[in-house]
Amino acid sequence: MNAESNALKKKEFEKIYSRFFSFFFQIAAHFLHHEEDAKEVVQEAFIKLWEKDIYQKSEQEIKNYLFIIIKNRCLNLLRDRRKSLQHIAGHGYLAVSVSYKILEATGEDILLSAELSQKIQLAISGLTPQCRDVFTLSRIEGLSNKEIAEKLEISVKAVEANMTRALKKMREELSPYLSEKHETAMNLPIFTFLLSFL
Amino acid sequence: MNPIEKIILYFFQKNASPEELTALDEWSEKAVNRNLLKDYLKLWLWSGQLKDRSPQLEFNATWEEIMRRRKLAEPRVIWLRMVARYAAVALILLNLGWWGAFSYYDRFSAVAKQEFLIIADQTANSVVTLPDQTRVHLRKGSNIKYSSSFTAESREVFLDGEAYFDVTRDEDHPFVVNMEHAKVKVLGTRFNVSARSDSYQITLVDGSVIFKTNEGKEYHLLPDQMIEMNLKNRDVKIEKVNTELYTAWKDGKIIFRDETLGEITKKLELIYHVEFMYANPELAQRYRFSGTFHPETSIGEVITMLKLSIPMEVTRKEKFPDPDMIYLR
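Protein sequences, first through last, are from chains W and R.
Residue numbers are given in the working numbering: position 97 of the first sequence equals residue 97, and the series is strictly consecutive.
Take the position in the second sequence, starting the count at 1, then add 1000; the result is the number in the working numbering.
Just so you know, the hints here were simulated from the structure itself, not pulled from any lab data.
Be aware that one or more of the hints could be misleading.
Below are the DMTMM-like pairs computed for lysine to aspartate or glutamate, each with C-alpha atoms no more than 25 Å apart in a straight line [what the hints assert, rightly or not]: (1) K1071/R / E51/W; (2) K1319/R / D80/W; (3) K168/W / E1058/R; (4) K1250/R / D53/W; (5) K83/W / E1019/R; (6) K48/W / E1058/R; (7) K11/W / E1065/R; (8) K52/W / E1020/R.
Please work from the sequences and hints to get the whole structure.
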């Protein structure tokens, strides 16, 4: 008798899934440097979202919930990885250690950036032509530094220098939109939200 | 050494050298720098293609996983037909031939009991309804056993682990929870039993229960009381408790009600990989706190919650691989 409403619920859940999976996958993959792990972590978070019926809540609540779960799971994974790598104490260990630290300090504010992505577009167009080309090829087209160097017929060093310059300039210019000035205002709703489903 | 912005770029592109990573690690120790690094990260992620791509994992794969787990979460019932009895029947068949066998078989089958073993595996709590409609919440990693004669003669179960019982009232057939060293006898009530290898804890929510050790000592328990038996020295003590603290697990949450900060941090140490240090031990006793939180809440968020009601200063120090140290002042 519930078949119809169940099918509806599933549909609704699928909509949320299609909308946000890739977004969170990319965040997780960035920190984990491992696509399979990232897939698993994000899948796990969506399963929780379904089991706890949170997919019916507001978009902001859904995103916050997914973020909290994904962040915690990623931290656990990184922690385990760091533990298993510590005896080697080499490159992998250091990279994991830095990732862990940044992720730990990363708050939900990383989610709300509709405004930010517009500002980034603007800032990109304000860069010097070579900076702009290099940055666009790298971040938007996803080319490697070497591919960009070949395409633009410049050295890899020059690509790196342009990327660095672009990042630095944009960071300075966008700092009002990047920094967590809304942090306290942001944390409160998340906090009450967390309490609401205890 | 390259400027820090270049190292950050290398780090994002995953080709920083060990020296550069070390430098970055040290540089980001400072809060100001860490914030800067976070800004860069945000810029990096949002200038990439964070938005609007199809899922890297198909919806159907996740949906199937959800369905698979739903099946798993339903308690598994294993039928343990008594192997020994079958073996006996088989032997008799061999020895006596068919004629004798039939008459013996009849007698044996009347005696033979079926046993039911219900296991909650390590992944989830289970809820079981027994033949008398008694509801049992079985904590993950626990199991409960009963036989086919369950309602006919008496209502006896065998528990290993932890379970919360909501027992259907039946004055003619007392409900008995057997453990290795003691048993709990009730008529109809709600209570929690935790049978661990070093201690038993029975917490009574309402009604009344009798706790009886194998040595024959009996204790009556009243609502809101908990009896605890230390299995090493056989000490038994009864105390008044907030039963929610001992039954909250069945709803998957952790509850603190009017507990001292010291009690809370002790529990948090068990849940999270952290250790608490008090600059002034009096702080641990002075403040009390009530609240609930979901187990997925991070330790940082739990502390934020505590800080809302307790005036204290918190500093966290990473001691990896040892537990992180959290100093309270």
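Hint by hint, here is what the structure shows:
1. Only pairs whose Cα atoms come within 25 Å are accepted, and K1071/R paired with E51/W is accepted, the gap being roughly 13 Å.
2. For the proposed pair K1319/R and D80/W, the alpha carbon gap of about 14 Å is at most 25 Å, so the pair holds.
3. At most 25 Å may separate the alpha-carbon atoms for a hinted pair to count; K168/W and E1058/R exceed this at roughly 37 Å.
4. For a cut-off of 25 Å, the pair hint linking K1250/R to D53/W stands: about 18 Å separates their Cα positions.
5. Distance hint between K83/W and E1019/R is fulfilled; the C-alpha atoms sit about 20 Å from each other, no more than 25 Å.
6. About 17 Å separates the Cα atoms of K48/W and E1058/R, which keeps this hinted pair within 25 Å; it holds.
7. Simply put, K11/W and E1065/R have alpha-carbon atoms about 16 Å apart, close enough for the 25 Å limit, and the pair holds.
8. Restraint check for K52/W and E1020/R: not satisfied, since their Cα atoms lie roughly 43 Å apart, outside the 25 Å limit.
The structure shown violates the earlier hints numbered 3, 8.
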